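Asks: Take a look at the letters that make up each chain.
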Amino acid sequence: MAPIANDRRAERRGWRRFRRNRLASLSLYAFLGLGAIATAALPFAGRWYDVQSLDSAVRHTPSFTPVVAFDVFDVECEGSPKTGVRVSIARLFHRSSSWLGHDDLGRSLMVRLLMGFLVSIAIGLAAAAISVVVSVPWGCIAALSGGWIDTTMMRIVDVLYGLPYILMVIILKIALTRPLAALLGGETRFAEVVILFIAIGGVSWLTMARVVRGQVLALRDQPFIEAARAAGAGRLRILIRHVLPNLVGPVTVYASLVIPQAILQEAFLSYLGIGVQQPIPSIGRLAADGVQAVNTFVGFWWLLCYPCGLLVVTLMALNFVGDGLRDAYDPKSRADTLV
Amino acid sequence: MIARIVRRLVLGALTIVCVYSVTFLMVITVPGNPFRQGERNIPPEAEAALRIRYNMDNNWIYFGEFLRGAVALDFGPSFSYSDWTCNQIIADALPVSIMLGLLAVFLGVLVGVPVGVMSAVRRNGWFDVTTLGLVLLGISVPTFVTGSLLLTVGGVYLGWFPIGGWGTLAHLPLPALTLSLPLMAYIARLTRTGMLDVLGADFIRTALAKGAPPRTVVWKHALKVAFLPVLSYLGPAAAQTMTGSFVVEKVFGVPGLGQHFVNAALNHDPGLIMSTVLVYASILIALNIVVDVLYGWIDPRISGAV
Numbered sequence: 125m126a127p128i129a130n131d132r133r134a135e136r137r138g139w140r141r142f143r144r145n146r147l148a149s150l151s152l153y154a155f156l157g158l159g160a161i162a163t164a165a166l167p168f169a170g171r172w173y174d175v176q177s178l179d180s181a182v183r184h185t186p187s188f189t190p191v192v193a194f195d196v197f198d199v200e201c202e203g204s205p206k207t208g209v210r211v212s213i214a215r216l217f218h219r220s221s222s223w224l225g226h227d228d229l230g231r232s233l234m235v236r237l238l239m240g241f242l243v244s245i246a247i248g249l250a251a252a253a254i255s256v257v258v259s260v261p262w263g264c265i266a267a268l269s270g271g272w273i274d275t276t277m278m279r280i281v282d283v284l285y286g287l288p289y290i291l292m293v294i295i296l297k298i299a300l301t302r303p304l305a306a307l308l309g310g311e312t313r314f315a316e317v318v319i320l321f322i323a324i325g326g327v328s329w330l331t332m333a334r335v336v337r338g339q340v341l342a343l344r345d346q347p348f349i350e351a352a353r354a355a356g357a358g359r360l361r362i363l364i365r366h367v368l369p370n371l372v373g374p375v376t377v378y379a380s381l382v383i384p385q386a387i388l389q390e391a392f393l394s395y396l397g398i399g400v401q402q403p404i405p406s407i408g409r410l411a412a413d414g415v416q417a418v419n420t421f422v423g424f425w426w427l428l429c430y431p432c433g434l435l436v437v438t439l440m441a442l443n444f445v446g447d448g449l450r451d452a453y454d455p456k457s458r459a460d461t462l463v
Numbered sequence: 315m316i317a318r319i320v321r322r323l324v325l326g327a328l329t330i331v332c333v334y335s336v337t338f339l340m341v342i343t344v345p346g347n348p349f350r351q352g353e354r355n356i357p358p359e360a361e362a363a364l365r366i367r368y369n370m371d372n373n374w375i376y377f378g379e380f381l382r383g384a385v386a387l388d389f390g391p392s393f394s395y396s397d398w399t400c401n402q403i404i405a406d407a408l409p410v411s412i413m414l415g416l417l418a419v420f421l422g423v424l425v426g427v428p429v430g431v432m433s434a435v436r437r438n439g440w441f442d443v444t445t446l447g448l449v450l451l452g453i454s455v456p457t458f459v460t461g462s463l464l465l466t467v468g469g470v471y472l473g474w475f476p477i478g479g480w481g482t483l484a485h486l487p488l489p490a491l492t493l494s495l496p497l498m499a500y501i502a503r504l505t506r507t508g509m510l511d512v513l514g515a516d517f518i519r520t521a522l523a524k525g526a527p528p529r530t531v532v533w534k535h536a537l538k539v540a541f542l543p544v545l546s547y548l549g550p551a552a553a554q555t556m557t558g559s560f561v562v563e564k565v566f567g568v569p570g571l572g573q574h575f576v577n578a579a580l581n582h583d584p585g586l587i588m589s590t591v592l593v594y595a596s597i598l599i600a601l602n603i604v605v606d607v608l609y610g611w612i613d614p615r616i617s618g619a620v
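These protein sequences, in sequence, are chains A and B. Quick note: the first sequence uses the working numbering, first residue 125, plus one each step. Quick note: the second sequence uses the working numbering, first residue 315, plus one each step.
So that you can see chain B by itself, here it is in the shape it has in the complex (with noise of 0.2 Å):
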């Protein structure tokens, strides 16, 4: 087990400097400089001055000086942000968005699993029949709209919750339900495909035909089961949440890091670009390492392989 966590991190670690090599290339052939922004036209002599100061004059250079800074957690300035640099900006937004996301990861984890195996269990049943209906309505309402009846209705008639602002507690349940929505729905449907696999399976059979009681079956070990397609998309899915929705941010105000993602690349801002990319990447690799263990928790044979 250790060897295998020791090997996936080596091989994260060869990822992560790919996918840094991949957004180096994509920032320096992409059009745009990032010394000239806006109303700020600085002569020349004070760009290749620039340049020099921040390494930028050779891309070799600023390859390997960056990735030398990263390694060491040192992302350097932001050009777009004067004044902040971009470890700032990272742990300013960060905890927000990480807070927000495990909020909403729970949140869809909490809802989606139950309703999945309900519907599963009463399989074509009104209950299946509205959540099926209910999810692919949870799949489809892109989040601005959500995010936005929920602040109309929760912040504006009903005055439960400030409309902006952050800060407080009463700041966290609406950007978290508008996050964890799709993730509920598209939980709910894994596992209730999850489950429908494993119901069929003679172990679940074994298991009722010796008089185990059918609740104890379901919940404990259909779901155990069923719960591993779920476990594989949280992955992914957790890390893109927990490094923010810049719609959701957008929306409710939130400051988290989903913003920088796309402020970054429209200022045309290569340290805050390759340092976002490279914090998703690492949190990424990460998550998907844990979800491996885990993985091979629940479903020992799995750990023999790869």
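Bound-form chain A, shown alone (with noise of 0.2 Å):
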């Protein structure tokens, strides 16, 4: 069908638009190399997150020590001593965990903040997920039925945007906590992450709900709408056919949008001790961990500054890409609608 190949074509369009922007698509590779590294690194980290190393106050300091792959050791090969090589990856990661220092428990801070960025994007990714899950049906609805449904539907949404945003979260947090734990049998230290997402997911669909309607309600009256009704499309037609594919674009940049903001959130959160609960990392609450450590005597700047710094690269590097995509695909919105 014409119209599709149309979509695809904008698509490319604004694909090669969003290329162009230097400073947006430097940041997509950094972020990507980043999430690269730390997906290969997640079975090390995911085993060495918690091991904590006691042995001496020294190891504690960021230490470069050079990464030999490979094990040399003495063999028995047929009686007679030999020299071996083992090549081994897990020594390698073991070796380097000492670079960026260790954490008041001796636990490799490299290890946690690899470990952190997967928690902390994962909490981003699933407040996009449910912000679109929950406001896409939500403005679609309310913006094509209209009159009283429509009304209704947006009241929700003023009076939830009337509660405070932290007492939300909490609250949802408490109220959550005791069934999820139960249904994941009894394993809370995952159940507080999931809680974490629906908590900042739970509150972050409004704007997004807002946008979704604004932008319907714009498609509503366009003549290749009208034109599909006059042709005798059907209401369901006419919206997964002609106004869904339309949404796809706005509904990207706002969600590529809730991603930095949700990682903020969780640092904020976690800076509160109601973020995710120890052992489990994010870089919002080794950071917020960082901030304690250095109002003590002792400086130990490097748990302060190497996950600040790897969370406003992280940040920053969403919110150029979201910038970029918001330039390429959705020229014509208001910037910064969503703050």
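Since the hints were derived computationally from the structure, they do not count as laboratory data. Hints are not guaranteed to be accurate.
Have a look at the derived ranges for each label pair, beta carbon to beta carbon [what the hints assert, rightly or not]:
no., chain 1, residue 1, chain 2, residue 2, range
1, A, Leu-368, B, Glu-359, 58 to 68 Å
2, B, Leu-381, A, Arg-279, 10 to 20 Å
3, A, Ala-160, B, Thr-466, 30 to 40 Å
4, B, Trp-533, A, Arg-279, 38 to 48 Å
In silico SDA-like cross-links for lysine to any residue, where the CA-CA straight-line distance does not exceed 25 Å [said to hold, decoys possible]:
no., chain 1, residue 1, chain 2, residue 2
5, B, Lys-564, A, Gln-402
6, B, Lys-564, A, Ile-362
7, B, Lys-564, A, Leu-434
Covered by chain B, per the in silico footprint, the following chain A stretches (three or more residues, Cβ under 8 Å) [what the hints assert, rightly or not]:
no., segment
8, 386-400
9, 433-445
The model shown is predicted, which means the values in this text are computed figures rather than measured ones. Ideal Cβ placement from N, Cα and C applies to all residues, glycine included.
With the hints as a guide, dock the two chains, each given alone in a separate frame, to form the complex.
Replies: What follows is the structure, encoded as structure tokens:
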């Protein structure tokens, strides 16, 4: 069908525009690179993020040890001594784990950062996914129904806007902790993370619902929708074939801006002590812990600088990508309606 | 205009009642018991008596009684801060937060708007690129980091500001600055986008063609229109800033309202939860009405709508 082909072309054009934005594409590559490193390290990070080594205080400061990815050892081979070489990624990883220092429990900061990066990204993605899943149907139904249904649904959004955000998150967390832990078979550690997903996602869909509704209202009066209706297309068909494809652009843009927001919000919650719970790391959690560590007389500077650096780099990269996407796919949009 | 304000006030009151109902529903469904906290373990008979005393034995009655009290600005006792009423807590903390919040919003506008205008005028110049980076930095660095850094530098190393305590003017600048940094960033960004939209408009070209000095055109004609998105952002943002930020209060030891939002929810203190929510919602809605009025004042075309 012609409209679909046009969509594809528009998509490719948008992508080309995005690629031309040097800052945005550089940010995207940096972000993907970080993500690739963290994902590659996951098998080791997942095993070691909670391993404490309390052997000596000296080990706490960052120390650069040259990485030797192989092990030279003596073996007995058919009765005669020989020197063997064993290449080991685990060893490489273990060796480099002291590069960024250790925290007060002797846990490798680098391992925790790699793990925390993934946890933070997961929180961001989950929040974005929840926002999309809730707000797209919400906005579409409101805009396409019109009348009192529209008024009621948007009033509900207004009322939820009137609730202070932090309080909502805390109450959602308290309310959901027990049922969800029961659902996950008493595994509270991960229930906490899932609750964070839901709590942060549950409050970030409001703005997107307004954006979707506005977009659908604007689309509803377009000639091509009218033409489809005149041609006898049903409501559902118009929604799926004509409205939804045109929502992909704006929704992607706003979803991409929800990710850094959610990560930042998780950092605040961590600072309040209600973010992810120990021993699970997130970048925000590590930065918040670092702030507390530096306020003491001993300057554990690396506990603040590295997590904050990673947090800032991640958020800036995501924001640049979001801005770039907005410029590329939504050039006429009033920038910064999502604040 | 008057009719519109009255309409908005009535709608706002309705919204507040809805906000109250939602909060009430959350408060009574969330697990936790205000009368059984920490080591305090009172016998069930005493708890039943307390519930009757505070109208909490029946949720419908509690709903009505609290609402009636709230209308008369009497929020009843707090259950987590013994011997304090919610009124006393709010009367203690809200002025601090409002003062700090106003200062932060003022700073944010004072810096954000000129920066936004200048970077829009010199689009893609070095100033624009630098501010773009700084703006994203301002949005990306959490306030607990900037606050701690400011406290360490300004309080410990330079010794210009007190590190703890509250009550003198010297205590104000650091928390206000911390609160205003993200505001500055957002305002600069919004102003820049708004200016870029406006500077291409016909009436700007007309004004320039008629010989109006470019400076007047930018700062008077264009800014007036470009300020509108900033204004609609400022409504909710100011409400949030003026009801206190838990993080900034924790970093600087400010006795503001933000801590009570968090503590009330964590301690399951129904009276305090509902009163703080009501205060927040009222300020938010009042500010939105103010923004609306200002909007109509700046752009008379809009006053007909809604």
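Asks: Which of the numbered hints above does this structure break?
Replies: 6
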